[in-house]
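Sequences listed follow chains A and B, in order. Numbering-wise (full-length UniProt numbering), the first sequence opens with residue 1 and increments by one. Numbering-wise (full-length UniProt numbering), the second sequence opens with residue 1 and increments by one.
Everything hinted at is true.
All copies of an identical chain are treated as equivalent in the list; a pair is satisfied when it fits inside any one copy or across any two copies.
Below are the EDC-like pairs computed for lysine to aspartate or glutamate, each with C-alpha atoms no more than 16 Å apart in a straight line:
| id | residue 1 | residue 2 |
| --- | --- | --- |
| 1 | 222 | 292 |
| 2 | 222 | 267 |
| 3 | 170 | 227 |
I should point out that these hints are in silico values taken from the structure, not numbers from a laboratory. Small disclaimer: the values here were computed from a predicted structure and weren't measured.
Residues per chain, in single letters:
There are 2 protein chains.
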Amino acid sequence: MPNIAIVPAPASVTELPGDGFTLGAQSSISATGDSAEQLSAAAAVGEYLGELLRPRTGFELAVNPLGADAAAPGIRLVIDDSAAPGYSLHADADGITVTAASAEGLFSGVQTLRQLFPARIEAALDGSTRVSDDVEWTTPAVQIEDAPRFAYRGAMLDVARNVFSVAAVKRYIDDIALLKLNVLHLHLTDDQGWRLQIDSWPRLTEIGASTSVLGGGGFYTKADYTEIVDYAASRFITLVPEIDLPGHTNAALASYPELNIGGVATEPYRGVEVGFSTVDTTADATWRFVEDVVRELAEITPGPYIHLGGDESLQLSSAEFSAFVSRASEIGAASGKTVIGWHEMGQSRELAPGTIGQYWDFVTPRADAAPHTLSFVEQGGQVIMSPSDVSYLDMHYPDTDRLGQLWADGPTSVEEAYSWEPTAIVTGLDEAAILGVEAPVWTETLDGIDDVEFMVFPRLAPIAEIAWSPAPAGVPGAAPDAATRSFAEFSPRLAAFVERLDALGVRYHRSPELSRR
Amino acid sequence: MPNIAIVPAPASVTELPGDGFTLGAQSSISATGDSAEQLSAAAAVGEYLGELLRPRTGFELAVNPLGADAAAPGIRLVIDDSAAPGYSLHADADGITVTAASAEGLFSGVQTLRQLFPARIEAALDGSTRVSDDVEWTTPAVQIEDAPRFAYRGAMLDVARNVFSVAAVKRYIDDIALLKLNVLHLHLTDDQGWRLQIDSWPRLTEIGASTSVLGGGGFYTKADYTEIVDYAASRFITLVPEIDLPGHTNAALASYPELNIGGVATEPYRGVEVGFSTVDTTADATWRFVEDVVRELAEITPGPYIHLGGDESLQLSSAEFSAFVSRASEIGAASGKTVIGWHEMGQSRELAPGTIGQYWDFVTPRADAAPHTLSFVEQGGQVIMSPSDVSYLDMHYPDTDRLGQLWADGPTSVEEAYSWEPTAIVTGLDEAAILGVEAPVWTETLDGIDDVEFMVFPRLAPIAEIAWSPAPAGVPGAAPDAATRSFAEFSPRLAAFVERLDALGVRYHRSPELSRR
Chain A
1 MPNIAIVPAP ASVTELPGDG FTLGAQSSIS ATGDSAEQLS AAAAVGEYLG
51 ELLRPRTGFE LAVNPLGADA AAPGIRLVID DSAAPGYSLH ADADGITVTA
101 ASAEGLFSGV QTLRQLFPAR IEAALDGSTR VSDDVEWTTP AVQIEDAPRF
151 AYRGAMLDVA RNVFSVAAVK RYIDDIALLK LNVLHLHLTD DQGWRLQIDS
201 WPRLTEIGAS TSVLGGGGFY TKADYTEIVD YAASRFITLV PEIDLPGHTN
251 AALASYPELN IGGVATEPYR GVEVGFSTVD TTADATWRFV EDVVRELAEI
301 TPGPYIHLGG DESLQLSSAE FSAFVSRASE IGAASGKTVI GWHEMGQSRE
351 LAPGTIGQYW DFVTPRADAA PHTLSFVEQG GQVIMSPSDV SYLDMHYPDT
401 DRLGQLWADG PTSVEEAYSW EPTAIVTGLD EAAILGVEAP VWTETLDGID
451 DVEFMVFPRL APIAEIAWSP APAGVPGAAP DAATRSFAEF SPRLAAFVER
501 LDALGVRYHR SPELSRR
Chain B
1 MPNIAIVPAP ASVTELPGDG FTLGAQSSIS ATGDSAEQLS AAAAVGEYLG
51 ELLRPRTGFE LAVNPLGADA AAPGIRLVID DSAAPGYSLH ADADGITVTA
101 ASAEGLFSGV QTLRQLFPAR IEAALDGSTR VSDDVEWTTP AVQIEDAPRF
151 AYRGAMLDVA RNVFSVAAVK RYIDDIALLK LNVLHLHLTD DQGWRLQIDS
201 WPRLTEIGAS TSVLGGGGFY TKADYTEIVD YAASRFITLV PEIDLPGHTN
251 AALASYPELN IGGVATEPYR GVEVGFSTVD TTADATWRFV EDVVRELAEI
301 TPGPYIHLGG DESLQLSSAE FSAFVSRASE IGAASGKTVI GWHEMGQSRE
351 LAPGTIGQYW DFVTPRADAA PHTLSFVEQG GQVIMSPSDV SYLDMHYPDT
401 DRLGQLWADG PTSVEEAYSW EPTAIVTGLD EAAILGVEAP VWTETLDGID
451 DVEFMVFPRL APIAEIAWSP APAGVPGAAP DAATRSFAEF SPRLAAFVER
501 LDALGVRYHR SPELSRR
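Extracted from the complex, chain A is given alone in its bound form:
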């Protein structure tokens, strides 16, 4: 077992001489900060850590927001204005100190801290795990300096094709927080279902929410949505809501005839085809609809982004499509939010300035995917990289077709999910033009969060490492001593990571690519 096995890999890990820290019944969690606000924020991160560590250890782990006991052996969470970006972590026999300039940095440090303890420290204390009394909860002695490579590190969950409870989404938020992801993109609408209450267009949920691929319907009330937003915020995760336009809209088209070319409502749809639906881009009703939906969505979305789709619009001419997304992006920007669109939206040269593109073509771009993607940068925006043949985590695993699909260039192995580089896909798209990396999971075949976890783990861990860890050797701007990204090096860390999933009760695919430890 490697002594230190952290996913995603920190920027710098230095093993220290001497013993590490042993958590004991007398240990406390102290929080310090330069202001009352920082103190309170650090204490909240400490409370989160306490909730992780208390059940299995049985220790009290009181959170001391004054930091007065800082001399006692324990965990010290420090917010310090002068700290470097990211966090630093020092662990030795006297305790563990995590220092960051912000609560978000501390929270990232806590995700590393978790992984320094044996995985079973996070097992539920429900009597199902045998507990030996002589367990020692000891970390290695280590100094870590760490900061994220990309600002946007996302996971997308498709809650349109099938229905997921609020509790399921919260569980997914906890799952992705462990990997230092900081964005949850919810794909809220598609042909098969409209999943968000919109007061001014109630039939969107009365009719548009009544279907799903696997049968039955459902939607989130605004109270549900806010509950998700708030829970994500408590994990320093920004919610990015997506309303997919002008295609992927059958659920809306079935709800309101006036959105349709020809003015006749479509039938509700439960199949898995794409590209067949579009709103009537010339209808006044369509623009009232877009304005109302964007306004109501922006009102309940504290984060900076709203995603307006733009993918696979196959029923419109290029000119019609460009005109639509241009106007839609302006409506989005007027709501005070930065618009994100799938890369096809870059066909328009008249997007709201700063619109963000999300690339979902393959690692080797086809057709116009590259120029459409560069178009966002040329219009003052950045790009999120989600190459579908390596980061769409609903693709089959190579060794099982139990769940998922195949269309994105066949199955995706764990090694393939790890073996790509965001700056090496679209020529001319350099590090500064890339806002971040996101792994979507589409749910046509997935029923509930267990199925999602099966598809996503372990492959989300490689994606998170690409998003967080330093640029590898060979990438322009990489550190002079940067290592080459190596699956052989990653693999034992991944094996340690899935031990933690086992302890947490998170489902994952026991892929033959997981090396034994």
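Following the hints, put chain B in place on chain A, whose structure we already have.
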């Protein structure tokens, strides 16, 4: 490993001398019957069996509805008017013959037949299982005579507290078919959600379906409902829909003010308390509501039963409650269906004749549970036994509190789920008065079918055996040579059963009570 390990235990199992049957690439499934209709029905059961056995074996297993190849080694499914109730099964080196007087009997026989083959014959052929080329698919040589003890063998799924996709319900139907259960009771409405489209009262789903305990909403359209009914019928399972009245109605009360005492709609509810809601039993609107819902429900329900609840009505006086359930039962009966109600409904002495009671008090009845239950029999009906302290499968397991609740007299062990006798609970309720046995699973804490499977398996297997297998020694009417029900005898068969769940990918709790084989 016991050679023959079938759950639920057949009435009679005789090991035969000589070899059993080995399924091979040349094996076929032949179907015979006394009429074209029977031939077609037998062939449909054969096709179901073929779908189970083909993926892992890779054999063609053609279904021959003419029975012309009956001489060839293979599986023969025979419908014969003169056959005894239930089915008989004969397996030797020449083949396996299942004989029954009906397709339903054949289907029961096929569930036994599955369990004669090694469990791994049902594993998905998805590359995730290692296949050795020398596997022989051989059964023991055996003669089995079998018929169910009780006509009604049910499982109840609460789809009101949380939302389950149609696909999830279908999976549960397949799960329970393996145990020869023949009723799926869907608890469609409760305080936290109304889950069925009712055209004449659309706000029931527009508002009443928008909540669930774990967040998010959802409901079944009539098309969804019919899809479930039809799938259940293909497994010889009758769907029993429940509309819970007059309590457990907050979702309806939040949708329509006129159903409320005082005429003001309640707030939607996501908590887990019970007993606080009631419709206004004196309002004309309430009776229009009951008549409309019952009429629409009966129209889409081909089975003989509708369940009208009646439990935990704590806001009405006994007289008010009795008057309500009396009139509701008459409305149900007028729809052409036999009404089922929880045992409290027996407070009324003016139920529609033949109304069925469902007992959910403890194995040792408290308060008025026994007289209320006997009341159904006195009014010409029968009783379904669901004692909550042994058959409510959402109760905690003794060794984990990960999911479920505790209120029904604490946790329920696998042995407790096995160690009760339906005729020994309510004094005076004899074998003939008991229509059957049902195991409910309430879903306040359960998110998706994986959570349901975890709570239900392995404990549903004991309940199914109580419902199907012959009365044990000591029960009036038991066979003279009947054995005593013994967990020590059951336990190795249960261990064999969960091996099949492993092969099928059905989740279950790896209880320490599961003996190793």
